[in-house]
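Colleague: These are the residues of each chain, in order.
Protein chains: 4
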Amino acid sequence: MTSSGARGFEVVRAGHLELLVTDLAASKRFYADILGFVVTEEDSGHVYLRGLEDRQHHCLLLTKAASPGVGHIAFKVSSEAGLEPIEGLVKARGGFARWVGEGEEKGQGRALIVEDHLGFPVEFYEKMEPVDWMLQRYDRYRGAKVMRLDHFNILLPDAAVGYDWYVNTLGFGPTEITETEGPSPALWAAWLRRKHTCHDIALTTGKGPRVHHAGFTVADRGSIMDCADLLASTGYLGTMERGPGRHGVSNAFFLYIRDPEGNRIELYTGDYLSADPDWAPIKWKLNDPQRQTFWGAPTPASWFNDAMLVRSPRTGRFMDVSPPKIQDRPDYLLSAH
Amino acid sequence: MTSSGARGFEVVRAGHLELLVTDLAASKRFYADILGFVVTEEDSGHVYLRGLEDRQHHCLLLTKAASPGVGHIAFKVSSEAGLEPIEGLVKARGGFARWVGEGEEKGQGRALIVEDHLGFPVEFYEKMEPVDWMLQRYDRYRGAKVMRLDHFNILLPDAAVGYDWYVNTLGFGPTEITETEGPSPALWAAWLRRKHTCHDIALTTGKGPRVHHAGFTVADRGSIMDCADLLASTGYLGTMERGPGRHGVSNAFFLYIRDPEGNRIELYTGDYLSADPDWAPIKWKLNDPQRQTFWGAPTPASWFNDAMLVRSPRTGRFMDVSPPKIQDRPDYLLSAH
Amino acid sequence: MTSSGARGFEVVRAGHLELLVTDLAASKRFYADILGFVVTEEDSGHVYLRGLEDRQHHCLLLTKAASPGVGHIAFKVSSEAGLEPIEGLVKARGGFARWVGEGEEKGQGRALIVEDHLGFPVEFYEKMEPVDWMLQRYDRYRGAKVMRLDHFNILLPDAAVGYDWYVNTLGFGPTEITETEGPSPALWAAWLRRKHTCHDIALTTGKGPRVHHAGFTVADRGSIMDCADLLASTGYLGTMERGPGRHGVSNAFFLYIRDPEGNRIELYTGDYLSADPDWAPIKWKLNDPQRQTFWGAPTPASWFNDAMLVRSPRTGRFMDVSPPKIQDRPDYLLSAH
Amino acid sequence: MTSSGARGFEVVRAGHLELLVTDLAASKRFYADILGFVVTEEDSGHVYLRGLEDRQHHCLLLTKAASPGVGHIAFKVSSEAGLEPIEGLVKARGGFARWVGEGEEKGQGRALIVEDHLGFPVEFYEKMEPVDWMLQRYDRYRGAKVMRLDHFNILLPDAAVGYDWYVNTLGFGPTEITETEGPSPALWAAWLRRKHTCHDIALTTGKGPRVHHAGFTVADRGSIMDCADLLASTGYLGTMERGPGRHGVSNAFFLYIRDPEGNRIELYTGDYLSADPDWAPIKWKLNDPQRQTFWGAPTPASWFNDAMLVRSPRTGRFMDVSPPKIQDRPDYLLSAH
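Chains as they are written, first to last, in our numbering: chain A, 540 to 876; chain B, 540 to 876; chain C, 540 to 876; chain D, 540 to 876.
Just to be clear, a hint being listed does not mean it is correct.
What the hints assert, rightly or not - List time: in silico BS3-like cross-link candidates among lysine-lysine, alpha-carbon distance up to 25 Å: (1) D:822 / A:666; (2) A:603 / A:630; (3) D:746 / D:824; (4) B:630 / B:603; (5) D:603 / D:630; (6) A:567 / A:630; (7) B:822 / C:822; (8) A:746 / A:666; (9) A:645 / A:666; (10) B:666 / C:645; (11) C:645 / C:603; (12) A:822 / D:666.
Source of the hints: derived by calculation from the structure; they are not laboratory data.
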């Protein structure tokens with residue numbers, strides 16, 4: 540990967556996420572009171588949330604809608620001037636792009652929202668309003684003590700097409716890769732980063748376009764286990780879908796949660812520094828039993844079957860999905876289809 | 540419960556366990572090098588192990604045998620003079636009892652081994668050789684950093700018969716109880732203690748006499764997760780049967796392990812003080828989904844199906860087992876029979 | 540030690556503590572909102588608090604008074620009938636004893652309060668009203684997540700006199716002992732237990748009668764560090780007197796706190812099981828630098844100089860104090876006198 | 540800060556450190572056996588060590604020498620071609636620069652070592668031999684479980700001169716800043732980063748050129764406390780100089796260690812992501828008692844007085860040091876001078 544600005548723009552990191560929810564109050568309660576997100580601002584249709592480590596307006600936007608799903612994922616870029624070249628690249632591939640005025644999304648400067656040729660609603664922005672840092676306001680710590688957004692995990696029928704876009708055009712670097720078995724292995728999934736962590740986005744083979752989950756960073760394993768205890772004590776037992784456990788890929792400690800609307804997030808901690816441009820991607824085989832869960836615990840079928848639909852910024856409707864071009868789960872789980 | 544010595548003896552606590560193993564070297568490697576037990580002594584047929592907190596010769600005895608299983612479980616009593624009345628009580632119920640000479644089991648004083656009327660091989664002893672305390676020898680900490688033996692969990696066809704023996708005759712106190720559903724609930728399982736923790740022995744309805752597991756105390760949740768990482772790194776992935784997770788009963792954080800022979804132990808931490816004689820048992824219903832795993836994760840069928848056979852001190856052969864008198868698992872797991 | 544009831548009574552454990560405070564609201568805020576004690580009940584002059592693990596009415600009673608200090612320490616006994624023989628033993632040594640009617644201290648049955656011949660106000664009681672268990676109400680966890688009372692640490696001019704009373708008369712067992720240096724070492728401090736932990740009471744040489752601190756159990760090291768972060772974020776920076784750190788004696792991880800009135804408590808976790816009647820006391824030398832802080836960090840002078848005065852149940856005034864009969868701190872701290 | 544390559548080179552991160560030690564075997568024992576560094580390679584004069592997370596040959600080089608101190612600090616750059624412009628910039632300021640051949644330092648490609656105009660020996664390199672990743676080899680975890688190098692902290696008489704060099708010439712970005720008190724505050728210290736953490740280098744006012752410490756990342760607070768327990772158990776009690784504790788600046792949890800030669804390292808965990816180019820530096824005042832230790836514990840005088848001398852790559856002798864131009868510690872510590 541190159542971090543130079545040769546392409547006229549620089550993506551900085553996964554920036555924020557818009558989740559669609561039918562019951563705004565219930566979702567606010569879940570994310571703020573239980574998981575511990577900080578409420579920056581709210582209005583009748585939106586709740587803007589951030590993590591304890593965040594210094595900008597929001598990393599999670601809850602928007603009232605008729606059905607749950609994803610409004611958009613968003614990347615922060617290093618300068619507003621970098622948005623124009625992105626518009627050009629999106630349109631050159633037949634994608635849709637629309638400018639978002641300053642403040643149209645609260646706290647955010649002028650931005651570009653696109654429906655890329657992969658079918659995903661992606662917002663690019665530089666400016667976001669500074670807010671108080673809660674990192675040393677330990678009196679505000681509660682629940683999972685969510686620190687910040689870490690990454691998106693998206694499903695698409697052909698991961699290789701997504702890889703080309705994110706790596707060769709948007710300048711992401713691959714940290715880990717999963718390939719199918721056999722003599723001519725195909726790319727099955729890729730973990731790609733701009734910031735110096737394991738990833739900002741993971742591309743996984745599956746029925747898509749869909750967003751599998753958004754990962755949020757917590758401080759340590761204890762935070763995740765405390766959160767599990769809390770969910771089990773507050774009527775949210777059914778929200779714990781998978782984990783706690785250790786990933787093979789990323790080495791992170793995790794808990795997957797289905798929020799009250801069924802949207803999926805991951806609590807995530809303990810990956811690694813990936814600052815080096817000469818980082819050689821770590822390779823995994825699809826059927827390696829320790830790839831997904833280092834401790835070998837089986838992944839529930841719902842984790843493979845379910846994901847969040849994405850709303851088209853062009854039509855305002857959820858995108859139609861297409862089946863994966865290759866198998867979308869390890870052999871040992873094919874029967875769970 | 541009464542802790543008075545009115546019955547002529549006082550059981551102090553779960554003392555140690557004899558596990559039968561076919562490959563002594565492999566088991567020593569697993570328990571000492573991986574899990575972190577301290578080797579006190581060994582000979583061609585035995586390895587005597589203890590925890591970091593132990594001040595006596597052993598809490599786990601590995602004995603070479605033709606098949607895996609349990610040689611005996613053992614309780615420490617408060618005085619050697621208390622062994623005689625126990626002999627009387629066992630024989631009065633038709634059990635078998637035999638005296639074990641000082642040093643017959645290394646490090647141990649004169650003891651009584653019985654086959655109680657429930658069919659279990661149980662040793663009672665007072666004296667055991669003092670050894671160096673490793674609690675502040677942090678250079679000896681490794682693996683799961685096992686501290687000490689905590690409890691036995693045994694399966695018997697009729698838990699109520701076991702309850703009468705342990706509570707009314709041996710003076711154990713119940714801390715928690717599980718009952719079957721319905722208008723006339725039956726005792727399904729009981730957690731009984733002499734020392735001031737959740738339990739020294741748990742009696743569970745099931746095909747028996749068998750020992751389901753022995754629980755060993757570790758310092759904290761981190762020790763259990765570190766152990767899971769270690770097992771997953773050293774070729775012992777398949778030994779993790781259930782967990783890590785939080786129990787409903789006992790509130791402890793746990794990991795169940797099947798050792799290389801298939802014998803089952805539990806790593807266990809975070810129960811509570813139960814010193815009060817007026818402790819009212821906490822009651823659970825068999826079908827409560829949070830009873831076994833507070834976080835709701837399903838218990839694998841093997842956990843219900845498998846347990847360790849017990850070797851008769853009378854015949855030297857494994858005891859025959861009988862089916863449970865009532866259902867031996869929650870309704871939602873009956874299909875997993 | 541013997542746990543038999545030969546003496547006609549059995550002390551069960553350290554039961555609760557009455558702290559005198561001048562500003563009841565401020566102390567309630569500190570103990571409940573910051574440290575995480577659960578409020579069971581309150582009136583104009585008292586706040587009754589308990590830990591998350593407690594199943595009885597209170598383990599900490601805050602009482603409005605003209606000056607901070609200790610109203611009484613209290614031990615739970617195994618039966619109300621055991622209170623009479625204690626009254627006799629106290630009076631036989633010239634102590635004062637008074638009966639406390641049921642409900643006189645809220646939630647408590649008939650009790651005996653004494654001023655023992657050591658000059659300390661000590662209450663003995665059996666019955667205390669059962670309350671909801673918060674151990675699995677993780678939504679109630681906050682601050683230091685205090686679990687329960689663990690022990691008292693008291694200062695008296697002659698530790699040996701106290702040792703005789705607690706061990707030979709009240710039936711406590713010594714788990715650890717500190718002796719002075721030299722050819723004829725004197726008892727300097729003793730850690731004594733009834734419940735199966737390191738101690739219910741520690742006797743330390745010093746100006747007395749005074750209570751040095753009450754120790755409260757928390758679940759793990761993380762709880763103590765989270766509490767330090769919280770105190771540092773909420774204007775209570777100055778309350779942290781010593782630690783976090785590891786003790787040599789007890790092996791516990793600790794933080795000493797001076798509450799807003801100057802009363803001292805300890806957050807405490809990670810000692811050991813001491814159930815065995817044949818436990819041989821662990822011996823330390825006064826000048827061992829790892830005795831107090833296993834990591835060697837110096838103990839501040841205030842920790843040696845300051846302690847809580849005790850209110851006489853006979854006069855209602857604070858007891859006069861006498862100087863220690865031997866040196867009251869290690870040689871390396873004598874200059875800090 | 541800009542991460543563009545406009546200046547013809549890009550520093551990637553703090554790369555490695557050469558410590559001079561008189562007893563190579565003793566230092567290897569300390570760093571490898573106790574702290575848990577992985578030995579990559581060694582010869583009669585050197586031991587090359589890395590962290591569990593490292594994928595390149597070494598992050599710590601121990602070199603046998605007549606006196607302890609620092610041989611060089613080193614930064615990884617994004618391409619070998621970027622070394623030439625750095626040479627030019629160093630020489631333009633009157634510094635010394637020398638090329639280091641491939642393999643001259645084992646595992647390292649062609650490099651540039653300089654004595655910059657601040658008087659520090661700094662190596663720049665791109666290539667370093669890939670080695671096995673131990674991140675998921677939990678069987679190799681021991682001691683502090685050191686993950687990787689995080690940062691250098693250097694002392695120089697005039698921090699502002701260093702700031703100009705690192706920020707305006709080498710392209711580092713400031714994350715936090717400490718200023719002196721008063722109406723015209725001077726820069727007292729700065730935390731500067733290239734990788735997306737709190738810092739790669741901190742510049743502090745003090746007698747210099749000296750290196751105050753190198754910070755190494757560990758996984759969590761537990762790793763630091765486990766290390767403290769281990770040091771206290773293995774005869775290294777005196778190596779713990781300050782902590783464990785929480786920093787105000789960086790928010791990291793820390794322990795400062797003086798190795799057996801007196802060289803100082805920091806175990807460090809829990810800072811934050813600093814990926815955003817529009818990051819506004821966080822400002823602290825020199826006398827803020829929570830700046831250095833968020834929990835308020837005093838910093839020992841040795842921490843301010845002592846630091847490591849640096850060996851000139853030009854002369855092979857330690858650099859002479861000059862006094863700081865402004866006060867080198869908070870007012871409340873001036874008396875400890």
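Colleague: Against which earlier hints does the structure fall short, listed by number upward?
Modeller: 2, 4, 5, 6, 7, 8, 10
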